[in-house]
Amino acid sequence: MNIHAWPDYLSQLWPGLRTSFLLLVALVALGTPLSLLLASTQRSHRKAVRWTTIGIVEFARGMPSLVLLYLVYFGLPSFNLTLGAFTAASVALAINYAGYTSDAIKSGLDAVPMGQVEASEALGLSRGVTMRRVILPQAVRIITPPMLSWIIVYFQTTSIAFAISVPELMSKAYSIASVNFQYLGVFAVAGLLYAVVSIPGSQLVSALERRQQRGTP
Amino acid sequence: METAANRARPFLEADKVSVAFHGKAAVDEISLTVTAGEVVSIIGPSGSGKSTFLRCINHLQVPTSGTISVDGVSVVDRPGQHPKAKDLARLRRKVGMVFQSFNLFPHLTALENVTLAQVHAMGRNKSDAEERGRELLAQVGLADRANHRPSQCSGGQQQRIAIARALALDPKVVLFDEPTSALDPELGADVLKVMRDLANSGMTMIVVTHEMHFAEDVGDRVVFIADGKVVEQGNPAEVLRHPQHERTQRFLKAVLDR
Amino acid sequence: MTDFFHYLTVLSSGVRYTLELTFAAVGLGLVLAIPVTAARRSSSRAYRFLGTAFVELLRAIPPLPWLFLVFFALPTMGLTPLQPMTAGILVFGIISAAYLTEIYRAGFRAVPAGQAEAAAALGLGPFHTYARILVPQAVKTALPLALAYFIGALKDSAIVSVIGVQDISARAVAQNVANSNGLIVFLAAAAIYLCLSLPVALFGRWLSYRLGTQNAVRVGA
Ligand SMILES: Nc1ncnc2c1ncn2[C@@H]1O[C@H](COP(=O)(O)OP(=O)(O)OP(=O)(O)O)[C@@H](O)[C@H]1O
Ligand SMILES: [Mg+2]
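Keeping their order, the protein sequence lines are chains A, B and C. Each residue of the first sequence is one higher than the one before, counting from 57 in my numbering. Each residue of the second sequence is one higher than the one before, counting from 75 in my numbering. Each residue of the third sequence is one higher than the one before, counting from 26 in my numbering.
With beta-carbon atoms standing in for the labels, derived distance ranges:
| no. | chain 1 | residue 1 | chain 2 | residue 2 | range |
| --- | --- | --- | --- | --- | --- |
| 1 | B | Glu312 | C | Ala138 | 34 to 42 Å |
| 2 | C | Val56 | B | Gly146 | 39 to 47 Å |
| 3 | C | Leu104 | A | Arg102 | 57 to 65 Å |
| 4 | B | Ala256 | A | Leu264 | 28 to 36 Å |
Which bits of chain B does chain C cover? Going by a derived footprint, with three or more residues having C-beta under 8 Å, they are:
| no. | stretch |
| --- | --- |
| 5 | 158-170 |
| 6 | 189-200 |
If you're looking for bench data, these hints aren't it; they were derived computationally from the structure. Glycine included, every Cβ here is placed at the ideal spot set by N, Cα and C.
Please work from the sequences and hints to get the whole structure.
And the structure:
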């Protein structure tokens, strides 16, 4: 194993890591509002709305992320809508992410006591204001740690965008290795790059969780 | 029957037992001698180290320093030493324990709770263990609950099952850590009655309790602990009615004023 | 619509590989997780460190780099190249071991400390304490989580198609290349995965309802 070449691989992989991050930012930016929407419609008192939401959520996470990725990339052209690989990956992973995270958001919203809603109603606040100013700020504290750990999970999931040749970390690694044949070194460095981001991330999550447990009796 | 000579022999000896958590002493050089058949009540404010000291006696808590011997068995020669599994098993056969929160095994029936350790720790055969188990459940007034799970029993019943479980190994001494404080007074009374019968049968008992009536009527001695130290001990009536130390007086006043 | 059913039958030939891989990998993981859990719960610092390092490293790196390391890199070190299926089982087996270790630990953590204490006070040895007291109670928490993990693994296993395992996803990719009918092909693939995971999901729901535990679906990438 030629460790001396590793810094070189690192600099070659760097643009790939950047693309992985951009993909993560895009999917979280698209997925979080969708997740919030799904969480609130899951709490709707109208049965039809609730069941439609459950259907969407189960669809979004019922299939492998990879299949959803293919479905968006190769399926949308049937509707005369062709997305580039990066956009398709952002959209597919955002849908997938929203499906998984809507539960975390929903339980955060559920954790805010009913009395808060009643008090807001008694004060004559509109439903939107109640959500934005009363419920969300209280729920955010509960939601933050699980959302962060989902974001770490999805940082890793961006690696499947390799399958549609988004030039992210794994694609870069694969193309470098198929030229220099240093599979071990290149994939090891790529793997470690994921770890270097994920491990501090999950430590941050546990620290937040511990702080929260201390804060709530 | 216990003879007078037998009674006077120190049966359990704790010598300068200390426990520190994060450098802070929870138990601070407590020494205690208990003779066979004696019923000792330990009282004291919350956080004074009563439970921690009690748990040292059967080595659920490893003392930072000091030694303990029960009926000639001492699990370590030097404090801080790791006890041998065999010595630990020998100690625990001699010492039964009843917990504040019962700690019954929820997935087992009352009878299974009482027989499990007889089979797997003592090596009794299953039918003997069950016979003994039924006998003990009858003794605590729960013959009819043998096949019920703990969750199907009231708190008082659960604690009586836990007492039967502790007695199943034929211990020489039984430790009680606030056995009634998780119970309504009425349910606690059933438990106290079982404990009273047990004391009358000559069992050696160490009872951490807030039940002053029990300490006075049933106990042979009261030990008052504060800040990890024994402040005062003696005849229950004397300690409870005429405490000598200001700290004891303050504690008893607070308890009785409640 | 007839296309959809046509693809369903074509893709079904991959079900065998998807199931074989998932069952073998999770089976391997269930066994491997036992010593790792023991290490993580050990009183020895060194064992705890090794257990933690194993779990953290495997969970911090997605399956794809592991797969490439085993499939492409090991042969360059003079080892015999593995069949794609074997590589997939090995990689997902070891990754499952890491996740299942955390599930076992969650199971044990859910058992109140008083249970182990009561067992110790009764003089039960470590074997009987685990076999009779801790494990039966830990299973209540761990089993629904393990089932949820199984479903996650079933879906994650799709990635082995990139190294050539002929599973559902690989067949779908091939059909898409041949017929450029991506929408219907991948909807059919999705439907098959759903049919495979639904029974397990329903069983898990029923089980956690029976056991009175939460059905927390929380599976990694
Ligand atoms: N495992 C532990 N780790 C750290 N500190 C502990 C531990 N167990 C007990 N302590 C501390 O030791 C002190 C004595 O606790 P202990 O439980 O023995 O008190 P106690 O007299 O039984 O109180 P109570 O009447 O509330 O049961 C307390 O300050 C407690 O916080
Ligand atoms: Mg206590």
